[in-house]
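> Chains A and B, in that order, are what the protein sequence lines are. In this text, residue positions in the first sequence follow the numbering used here: the first is 1, and each later residue adds one. In this text, residue positions in the second sequence follow the numbering used here: the first is 1, and each later residue adds one.
No lab work stands behind these hints: they were computed from the structure. Heads up, some of the hints might be wrong.
To be verified - Straight-line alpha carbon distances no greater than 35 Å define the calculated DSBU-like cross-link-like pairs of lysine-lysine that follow:
1) B/128 <-> A/414
2) A/274 <-> A/398
3) B/128 <-> B/158
4) A/419 <-> B/128
5) B/75 <-> B/45
6) B/158 <-> B/45
7) B/158 <-> A/425
8) B/218 <-> B/158
9) B/75 <-> B/46
10) B/128 <-> B/75
11) B/158 <-> B/75
12) A/423 <-> B/128
Okay, here's what each chain looks like letter by letter:
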Amino acid sequence: MSPAMAKAAAKPQPGTPGAPPIAYVGARLIDPEHGTDGPGGVIVADGRIADFGTHLARPGAVAAIGAHGMEVHDCAGACLAPGLVDIRVQAREPGEEHKETLATAADAAAAGGVTTFVCLPNTQPVIDDAAIVESIARRARENARVHVLTYAAATRGLQGRELTEMGLLAEAGAVGFTDGTQAIGDAGVMRRALAYAANFARPIIQHAEEPALARTGVMNAGEIATRLGLPSIPPVAEVMMVERDIRLVELARGRLHFGHVSTRAAIEAIRAAKARGLPVTADTAPHYFALNEIAVGDYRTFAKVSPPLRSEVDRQAVVAGLADGTIDAIASDHAPHDQDSKRLPFAQAAFGTLGLETMLAITLGLVHGGQLSLSAALRLMTINPARLLGLGAGRIAKGGPADLVIFDPDRAWKIDPAKLRSKAKNSVFDGRPVQGRVLRTLVAGAPAFAV
Amino acid sequence: MTDSHLPGRLTSRHILATEGLSPGEITLLLDLAEAYVEQNRAVEKKTALLRGRTVVNLFFENSTRTRTSFELAAKRLGADVINMSAEGSSVRKGETLIDTAMTLNAMRPDVLVVRHSESGAVRLLSEKVDCAVVNGGDGTHEHPTQALLDALAIRRRKGRLQGLLVAICGDILHSRVARSNIHLLNAMGARVRVIGPPTLMPSQIDRLGVEVFHDMAKGLDGCDIVMMLRLQTERMQGQFVPSIREYFRFYGLDRIKLAHAKPDALIMHPGPMNRGVEIDSEVADDIDRSLIREQVEMGVAVRMACLDLLTRSIVSNVGGP
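Assemble the whole structure, with the sequences as input and the hints as a guide.
Here it is as structure tokens:
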């Protein structure tokens, strides 16, 4: 048990089991599941939501409902919403704890308003065995201040050949199957993975990129890559894999989810597949709607991500896909790296950017820009990703877990990696001014973060 | 001219690329190099301009002619020269790139000439040192002194760069020489064509301000300068052309293909040449048409001009912890 948690256990926080209830009142209550957004509040007792609604809008509300001994927290008009659910995180534990641990990733998550995150299986060793799934759950319970879930590998060792023991892995708690940052490239393997995972009601999460076209590339193909003299990845590498997999899901049944989609063509293909009623979903990451390939600048390795940052046309298509529901969710794609992995010539540097702590603020940029309503933006980070993986999280429901975030959607701040909680500092948003700051994050009623 | 640099100075502390050099800066470098051509042809070739200065040639990638050319340039200006070949497997790793930069920086050189197999590596290194850095070629990005020496060779024969039609032929995809030449020639008002098989064309190369051709006869039509490039098989991951004989048949420069260019068109090649692959010996060795040997001579003069200009802005190397 971490020192912080030991301290919390010594003096029970209001709202947690064994402590008096607490009322969060005077908030702008947003329930993305039902699309409501208005004055309200929440009463938290025993780590659960005891009551919520507009009757808790005013600070005087608690006295009016005749509660005794209840602590009252006035949100002073700040937004109160379900904690965010981030379905694409690399926590680097086990194996690369010098980059990140479950504990530091959870600290970053809490500071970003994320109360549940899901780990990719590309750890060392790979999460392809039930014992590793269980061990991560145990490590997370002991060290992480937010809920941590995990995917398991779709193929043993992420080698793309033999299926993992999906049934046993699902029993151990794996919420889905994926080869992480690599595509499942063999069509035969993908077909069987989809069919077999469906047997255990788990989706396959695909990194959609045709390996034969992407293998040697380090940034998006086009004028900028040509100027910089960098080996590039043609954007069609994404849609080719998306289209192939849509055919395979038709053949094999099962449930298919595309992680971090980034191109207009892929989004169009997914839109068409959904229109045909196929069980296909998708997410994207903040850097794909907030940045384009220009961010690479003069070989800025923090902007080296996989798939690569795309053209402005693609970026706009991602925004449109979020607005019209083609893209179901936003995930941070959190990929921490140490300095030695990034302070390299561009082609040799590792792929990935931090994301957990900045996802909310970057996404709120779309709200401030008028592309999404606040409720719609939150839906993409709460109830939608939770439903994709069959989780109970991401909603405000009586009796449900009190996993909540209180944030000021307008407060301005500047992203400074030195101040981020993550162990790594490789944020592509380094130095970016943003609006929207988390004030308090509750996990099972207890504050996991507070300014 | 709206150049912001002081007379006789470059705006940047380094020479990392031709992209971004102004016509004024290019002209300054070429004019200065012109004077050094004369010095190099004299009996007494050495001056004391850079006496007391240290130039380090740091070559992470194999090179004989470029390194020798830089070495000679520095020595003729009276500088002390150290050659560091860092080709071994351990120093190829990027971590050691930064480490090497830090180590060398502590020895207080005045100019670092760096060649590296990765695009952007020289810029990365330049951000970590206090001295001037000259890019001696980085991956498939740029090779600015090659483009400057090419421009000098052209200008001396044709009297100008403005308005000339230049064809760059062959492996454009893997060529830093092509990129540096495209930017420089465009800045100086020349028209640039690139000719090569589609598999060796970088995507959206036309956005760099060139016309793209896949047929040598059409592409060479009306050209003043025919710049051949080496097929860079060492940078190829996978197969880009089916065979050498097929490549030579369609893209190798011989008399027949050359006949499509202007009658007084000149042939250039950055070297080393693969005779019978991208160029036929008959045209390569034609003293009336080939600028290839002159290019090598211009290389020394241009590099002297670069070292001269970069060290002008160095007032004192005192400081630091």
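> All the hints need checking, so say for each whether the structure fits it.
Each hint, compared with the structure:
1. The straight-line distance between the Cα atoms of residue 128 of chain B and residue 414 of chain A is roughly 26 Å, inside the 35 Å bound, and the hint therefore holds.
2. Between the alpha carbons of residue 274 of chain A and residue 398 of chain A the distance comes to roughly 32 Å, so the proposed pair stays at or under 35 Å and holds.
3. For the hint linking residue 128 of chain B to residue 158 of chain B, the alpha-carbon distance of about 41 Å lies beyond 35 Å, and the restraint is violated.
4. At most 35 Å may separate the alpha-carbon atoms for a hinted pair to count; residue 419 of chain A and residue 128 of chain B meet this at roughly 24 Å.
5. For the suggested pair residue 75 of chain B and residue 45 of chain B, the alpha carbons sit about 9 Å apart, so the restraint of at most 35 Å is met.
6. Our distance criterion of 35 Å between C-alpha atoms is met by residue 158 of chain B and residue 45 of chain B, whose separation comes to about 26 Å.
7. A C-alpha spacing of about 54 Å is found between residue 158 of chain B and residue 425 of chain A, which places the hinted pair above 35 Å, so the restraint is violated.
8. Restraint check: the Cα-Cα separation between residue 218 of chain B and residue 158 of chain B comes to about 23 Å, which is no more than 35 Å; the hinted pair holds.
9. Using a Cα cut-off of 35 Å, the hinted pair residue 75 of chain B and residue 46 of chain B holds, with the two alpha carbons roughly 7 Å apart.
10. Among the hinted pairs, residue 128 of chain B with residue 75 of chain B is consistent with the structure: their alpha-carbon atoms are about 26 Å apart, no more than 35 Å.
11. Straight-line distance between C-alpha atoms of residue 158 of chain B and residue 75 of chain B comes to about 30 Å, which keeps the hinted pair within the 35 Å bound.
12. Between residue 423 of chain A and residue 128 of chain B the CA atoms are separated by roughly 24 Å; this keeps the pair inside 35 Å, and the hint holds.
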